[in-house]
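Starting from the given sequences, assemble the full structure and let the hints guide the process.
So the sequence lines, in the order shown, correspond to chains E and C. All the letters of the first sequence, read from the start, carry residue numbers -19 to 277 under our numbering. All the letters of the second sequence, read from the start, carry residue numbers 6 to 297 under our numbering.
Treat the hints with care, since some could be wrong.
Covered by chain E, per the in silico footprint, the following chain C stretches (three or more residues, Cβ under 8 Å) [what the hints assert, rightly or not]: (1) 79 to 92; (2) 112 to 125; (3) 131 to 139; (4) 179 to 191; (5) 222 to 234; (6) 263 to 273.
Taking CB as the label site, the calculated pair distances span [unchecked claim]: (7) E/Leu62 <-> C/Asn67: 38 to 46 Å; (8) E/Pro169 <-> C/Glu183: 22 to 30 Å; (9) E/Tyr(-16) <-> C/Arg122: 16 to 24 Å; (10) E/Lys177 <-> C/Arg126: 44 to 52 Å; (11) E/Asn28 <-> C/Phe189: 52 to 60 Å; (12) C/Gly226 <-> E/Ile192: 43 to 51 Å; (13) C/Leu198 <-> E/Asp179: 52 to 60 Å; (14) E/Lys43 <-> C/Ala46: 40 to 48 Å; (15) E/Gly87 <-> C/Pro75: 22 to 30 Å; (16) E/Leu62 <-> C/Pro75: 38 to 46 Å.
For the record, the hints were derived by calculation from the structure and aren't laboratory data. Note that the structure is a prediction, hence the values are computed from the model and not measured. Glycine is no exception: its CB is placed at the ideal position from the N, C-alpha and C atoms.
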Amino acid sequence: MDLYRNLTIRQKQIVWAYAFLALPILFYSVIRFYPTGNAILISFQDWNLLGARTWTGLDNYVKLLGDPVFWQVFRNTFVYLLLGTPISLVISFIIAYHLDKTRFMHGFLRMLYFLPFMTSAVAMAWVWRWFYQPVPIGLFNNALASIGIPQIAFLNSTTNALPSVLAPAVWAGLGFQIIIFMAGLRAIPRSYYEAAKIDGVGWWTVLWEITIPLLKPTIVFIVVFSSIGFLRIFDHVFNMTTNNPGGPLNSTKPLVLMIYETAFDSFDMGYAAAQTVVLFLVLLVVSLIQLRILRDR
Amino acid sequence: MAVVEEIRPSSDALLKTRQPKRPANMGNYIRWLLLFFGGIAMVTPLAYMISTSLKWPHEVYNLQLIPNEPTIENYTYVLEDGRFYWWFLNSLIIATITTVCNVIFDSLVGYTLCKFRFPGRYIIFIAILSTLMIPTEMLVIPWYLMSQQFGWLDTYWGIMFPGLMTAFGTFLMKQFFETVPDDFIEAARIDGLNELQIWWTVAMPLVKPALAALAIFVFLGNWTAFIWPLIVTNSVDMYTLPVGLSSFGDEADVQWELIMTGAAISTLPTLVVFLIFQRFIIRGVVMAGLKG
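The following block contains the structure:
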């Protein structure tokens, strides 16, 4: 105790700071940094959990590049991204734009749009699966049948399954994006709109010359945030195609599901780790490209 | 903070001052109606989930939203079965403990990085921030190996340990502690409080809204977390609600009214919490979204 008392105020601060940070530093080292390094290390090894770990160099990556399933999965992952991000961006902007101009029962409408965000993907996957069922059961096909349209095989078709799995993911994320957009819209100073009004500028010009340019930070945030979400899609796919995860015929399988199956069904840890490294690189590159493009414009 | 604070006053001001009584505008009616029907469409899956969970088996396929003879039989059946009871309890315990840990540690780290001057401060901040870029999926394999080695598989600790602190929360709290004036902390120091007391009794009460926003996010995230609990649990009693719900598998073997009841049990708590604290949660989402 004497030792502590003799320290200067500045030295005492250092002691306190490291006392506060001791546990967190340990946590981040052991639970974040060590596993990151470990994942990269395992990606250069061949290991099925039971046998010996053998060093194989780049074999896992070479195998991945030659694996047709990987390329199918890679394509699917980008289809999720390229469909999901623009669709949810446009829908949530349109809703937020109009909701922002609505005063009557504003809070109630906002609640309706936000509620799906508070749900769990697994629970909602069951609800949507039920909607997609064929006629005596599913809501959508019953609705189609009642107006005389032939049935649609939502989840059992290689072409329809991916959009069908994506729909609930977009649906659940809309509320969050709408709220963020509305906050962005409220932050635009009213004086800009008043000036435009005095100049007699039409609403379309106001939208493109004032609203959207000033919303740029919000748009960048939403695009990057939702892209990361769609590139990492897993819960919805796994739970809507349970009989044959990622099916039919791998048509809905995203990268994370391939990782899960390689690691925890086939226990091919090295190969799975190589896939996670690829996922990391994809996320990094996509985010950087988006930040680059959207910041410049 | 500045952005967030602007939102409320300006919206209230708009309500009062802008165009007291404009003649009814057709366009506004149409806008409202479209938004209303859009909103109804958004909650349709939730409405059907709840409606089906209140139906007898023979009514499930008639697709009416209001059951003819509503029943809570499904709920008693599902809860008496015991599995959902455990899954609910597991999810609740795990989400609660994780939330408390995040609120304490993220704010402690955020506070330290914000208010203390010490060598290594910048490096530690950057190091924590950089973990935001590492996807969880990259870490699950090493976490699994670690859990296997230390016997954490199939335990609460095993499910919880990866999420006890988050870089997102730390960053969020650091941003908010910037709004706490240094004078307050200096004054407390002169009053003879030690640093731990200053953090807890002076700084923490000043960032309560941010703590609440963090708590909501962490709780919701852990309540709905799926991939890691799926990997780390293997006995039915240790499942969380999402893992349990997922375990029913094939839709051919499923009784829809029971699965909808299960889905409702895992969804209703967060929906009810949202309905009670709506304004507050939405403000929290905006704060976390814009700051984090």
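Tested hints:
1. 79 to 92: n = 0 at 8 Å, threshold three: violated.
2. 112 to 125: holds (count 8)
3. 131 to 139: It holds, with 5 qualifying residues against the three required.
4. 179 to 191: Our answer is that it is violated, as 0 residues pass the Cβ test (under 8 Å) against chain E, missing three.
5. 222 to 234: holds (count 5)
6. 263 to 273: With 7 residues close enough to chain E, the hint holds.
7. E/Leu62 <-> C/Asn67: 38 to 46 Å: Check passed, 39 Å falls within 38 to 46 Å.
8. E/Pro169 <-> C/Glu183: 22 to 30 Å: Cβ of proline 169 of chain E to Cβ of glutamate 183 of chain C: about 24 Å, so the range 22 to 30 Å holds.
9. E/Tyr(-16) <-> C/Arg122: 16 to 24 Å: 18 Å, holds
10. E/Lys177 <-> C/Arg126: 44 to 52 Å: Once the Cβ atoms are compared, 49 Å apart, the range 44 to 52 Å for arginine 126 of chain C and lysine 177 of chain E holds.
11. E/Asn28 <-> C/Phe189: 52 to 60 Å: 58 Å, holds
12. C/Gly226 <-> E/Ile192: 43 to 51 Å: 31 Å, violated
13. C/Leu198 <-> E/Asp179: 52 to 60 Å: 58 Å, holds
14. E/Lys43 <-> C/Ala46: 40 to 48 Å: For lysine 43 of chain E and alanine 46 of chain C the Cβ distance comes to about 45 Å; the hint holds.
15. E/Gly87 <-> C/Pro75: 22 to 30 Å: 28 Å, holds
16. E/Leu62 <-> C/Pro75: 38 to 46 Å: Holds, since leucine 62 of chain E and proline 75 of chain C (Cβ atoms, about 44 Å apart) stay within the stated range.
Going down the numbered hints, you'll see the structure goes against 1, 4 and 12, while the others check out.
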